[in-house]
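*Asks:* What follows is the residue order along each chain.
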Amino acid sequence: MIVILIAFVTGFVIIFLTSTAPFESIKAFMSVPFSNTYFFGNLLATMVPLILTGLAASIAFKSNEFNLGIEGQFYWGALAGTAILLFMKESSPVLTVPVALVVSAAAGGMMASVSALLKSKWNVSELISSLLIGYSLIYITDFFLEGPMLDKNSGLISSQAIPQNFMFARILPPSNLSAGLFIALGLVLLLHLLLEKGTYGLKIAFYGENSRFAKYIGINGKHVVFVSMFLSGALAGVGGIVEILGTQGRMIRSFSAGYGWNGIAVALIARNHPLWVIPAAFLFAFLESAAFASSIFADITPEISKVIQAAVFFLVTASLWKNKRKKG
Amino acid sequence: MRNIWKTFPVNNAHALSGADFVIERGKIHGLLGENAAGKSTMMKILCGLHKADRGEIFFNGEPVRFKNPREAFDHGIGMVYQHFRLIDQFTVLENIILGSETEGLKLIRRAEQKKRIKALLDEYGFDIDLDKRVGRLSIGEKQLVEIIRILFRNADILIMDEPTAVLSDFEKEKLFNIMRKLKKAGKSMVLITHNLTETFEMCDDIRVFRHGKTVYHAERGHFSKDDILKHMLDFDLPEFIIEPYQGEKKVILQVKNLTLIHGGRTRLKDVTMRIRSGDVTGIASLAGNGAMKLLETIFDPCGDYGGQILFKGQEIGHVSVDEKREMGIAYVPEDGLYQASALTLPLMVNLLANRFTTGEYSRHHLLKRDRMNKKAKAMLVAYDIHADSIEQPIGMLSGGNIQKSIIAREVDTKPELFMINEPTRGLDSGAVHFTYEILEELRGSGTGIIVVSSDVDGLMDICDEIYVMFRGEFVYRADREDFDKKTLNEYLAGMNKGAVRG
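Chains as they are written, first to last, in the working numbering: chain A, 1 to 328; chain B, 1 to 502.
Just so you know, the hints here were simulated from the structure itself, not pulled from any lab data. Heads up, some of the hints might be wrong.
If you want the footprint, here are the derived chain B segments under chain A, 3+ residues with CB under 8 Å [claimed, not checked]:
1) 324-334
2) 337-349
Derived CB-CB ranges, DEER-like [unchecked claim]:
3) B:Asp53 x A:Ala257: 56 to 66 Å
4) A:Asn123 x B:Thr259: 26 to 36 Å
5) B:Glu360 x A:Gly221: 20 to 30 Å
6) B:Ile139 x A:Glu303: 49 to 59 Å
7) B:Phe90 x A:Ala257: 44 to 54 Å
8) A:Tyr135 x B:Asp322: 32 to 42 Å
9) A:Arg170 x B:Asp335: 52 to 62 Å
10) A:Val9 x B:Lys377: 40 to 50 Å
11) A:Tyr135 x B:His365: 31 to 41 Å
12) B:Lys67 x A:Ala21: 48 to 58 Å
13) B:Lys377 x A:Lys27: 46 to 56 Å
14) B:Arg109 x A:Tyr135: 49 to 59 Å
15) B:Asp131 x A:Glu303: 52 to 62 Å
Being a predicted model, the structure only gives us computed values, none of them experimental. All C-beta atoms, glycine included, are put in the ideal place defined by N, C-alpha and C.
All chains, full assembly: derive it from the sequences and hints.
*Replies:* Below, the structure written as structure tokens:
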């Protein structure tokens, strides 16, 4: 909590230094996101993909695996899901949407589990492999959007629009908030059961804390790594397609705005605890939308939110590091 | 040191409440007591590592108060810690001079220092290669480097914190010789230990600490084992008697011609043994001679081996650890802290780590927290584990309590085969007795038990038969009625050779 306060103070100091009417700006920054349903709804809409990527990072970190390919898996899931949706244009949404969700999850999960396999087979660091594979996935996605899937009439580098009847219902018009929020919250609950209440969570915790101990107690480490990486990638993939179905409506090049990377920060603030992912994602979404709103209503740039995000990130990792050292 | 008081803010417990200690020139002083009696704290105050809340320290009659270890060093007081503070990648020479660098050109200085160290080695007749990397030394040699490092800084008082806990009998004898030489040269020493035999052999006087107080002091020739034990413990230790198992003895484990080559070296050679229910089988072996590898190979082999390992007639070479545990095999490794516990996780999950997936503690992959909590609490009572709560991270407990928790977890499932490595190392006599009682109870329920240890005395107390392993081979085997300490120790040190079959 203190960490977050310090981060905000840092942000305000910068606003003071850069803005001509600092108090107006701060007021806009703090209040506009809550001022009407449009801004507030959009804040929650930004939160949805952050929850999903935050969960993705949490499950990997919990087993002491570093999945740095979440951004790539997010795109990859979105791409696979979008392809399914466009391919099955004529079918009923009751069939198509669930299929798209499953395909997106599988696509993201498979890409993440490649790193797990590389690790258990040849001891390749999953940190490096997931990062590299993640970046390649973004470029491969770009290739599809610029080539086979390009919608020439749109004037954008983007796929064709998803049929309107496939899209999630908007639940807080006129904002972008959609029923995707319930998918995210449902998955939070599921992950909470799995990680905090389930036997599998304990296995992950044992393995993440001490892999030698896990081996000794009879836990199959390779299995744990594979499953947690697969689930991590799957959550990232679902995050991608939910963003398409809830907000975007078509897959536009670089639509993610760093959701994958911010998910890692969200997981760090939430200390990998699924329920804490919700407030952590809310904080990040608030910073995004506050910066956007105050750049309209006051004379500060959206980059200010990046500064506060960076400060939060920096301070949270610093305090984590301190705790680790205390333990050791 | 007079009337020293010390409280640690962590748990607000009095580590020391009015303890006294006297050190005289050219004498070896024994400092005994159970774990957490305040022995180490007292000596750390003397070394300037901790500060006393109250009390006085006199050095040659002058009152002193050391703010940091350097000040203590300037008065010639140095400590050999239980965990060595050496840098493995540096040579012996570099480790010795580390921290005592003086002004001047590095090369000239080093040559000069080397000369001084050589002179020191000659003076005491120590034999060690100064240019060898410390990482390649044996534990005994590392300890010698620590001692030389302190002598190099002109220390007159050497404090040794449980120096023998990590040594084999052979290395122990070497250390004692070093201590005798130092004594002859007029150095004073403090020997912190909970091993009685050692103090009888080495010490000029003995002080016993209990609950942070000096409760007993006697000069050489005036102390007796009974007196010391009485003062160390809150209770009288009953005589430990083993009762042979009355039930039918079935063969539980057979090891046949087991050979293991790992990392290009033969670790185990043609090992054959069998374990029956209700038997306690000891394997006497010094570190690095393969006994630990043998237990590991039975429990979780790290590669292919030759020969057979049969559990109740079934080959278990390719059975997973998980399944072995289900079959009733339990194992307590030597490195309990890092291999057998998840230090930052709660005590509760550590106590039940080997069975949280069973139907008793989970259903549809969800944990039954209530039942787990209840069981963990019951285990704290049954195994006398001291903890603030079952939610406390196990790493916060004392070493003895961690060891007890690990043993509790492994024996509570009533295994058919129980293997334990160095069960008594680093434990005080109360905890050792407790461990023996647990083993005895297991034996009574028909478990086959293997105990690996370098402590022949301990094995002779509890075992029905003892094998001696030397360089990966069984070189000797004896039944209880034929136990002979001298013979066992000779085989242990490799002085006699001759393969035996079990």
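*Asks:* Against this structure, judge whether each hint is valid.
*Replies:* Results for each hint:
1. Coverage of a stretch by a chain is defined here by at least three residues with a beta carbon nearer than 8 Å to that chain's beta carbons; for the stretch 324-334 of chain B and chain A the count is 4, and the condition holds.
2. For a cut-off of 8 Å, the count of residues in the stretch 337-349 of chain B with a CB near a CB of chain A stands at 9, and the three-residue condition holds.
3. Taken as a hint, the range 56 to 66 Å holds for the pair Asp53 (chain B) and Ala257 (chain A), whose Cβ atoms sit roughly 58 Å apart.
4. At about 27 Å, the CB distance of Asn123 (chain A) to Thr259 (chain B) agrees with the hint of 26 to 36 Å.
5. About 24 Å separates the C-beta atoms of Glu360 (chain B) and Gly221 (chain A), a value consistent with the hinted range of 20 to 30 Å.
6. For Ile139 (chain B) and Glu303 (chain A), the Cβ-Cβ distance of about 58 Å falls inside the hinted range of 49 to 59 Å, so the restraint holds.
7. Restraint check, Phe90 (chain B) to Ala257 (chain A): a C-beta distance of roughly 51 Å satisfies the suggested window 44 to 54 Å.
8. Between Tyr135 (chain A) and Asp322 (chain B) the beta carbon distance is about 37 Å. The supplied range of 32 to 42 Å therefore holds.
9. Remark: the range hint 52 to 62 Å for Arg170 (chain A) to Asp335 (chain B) is upheld by a beta-carbon distance near 59 Å.
10. Restraint check, Val9 (chain A) to Lys377 (chain B): a C-beta distance of roughly 45 Å satisfies the suggested window 40 to 50 Å.
11. Between Tyr135 (chain A) and His365 (chain B) the beta carbon distance is about 35 Å. The supplied range of 31 to 41 Å therefore holds.
12. A beta carbon spacing of about 55 Å between Lys67 (chain B) and Ala21 (chain A) agrees with the range 48 to 58 Å that was offered as a hint.
13. Taking 46 to 56 Å as the suggested C-beta distance range, the pair Lys377 (chain B) and Lys27 (chain A) conforms, at roughly 54 Å.
14. Arg109 (chain B) and Tyr135 (chain A) have their C-beta atoms about 52 Å apart, which keeps the hinted 49 to 59 Å range intact.
15. Separation of Asp131 (chain B) from Glu303 (chain A) is about 58 Å and conforms to the stated range, judged on CB atoms against 52 to 62 Å.
Consistency note: the structure conflicts with none of the earlier hints.
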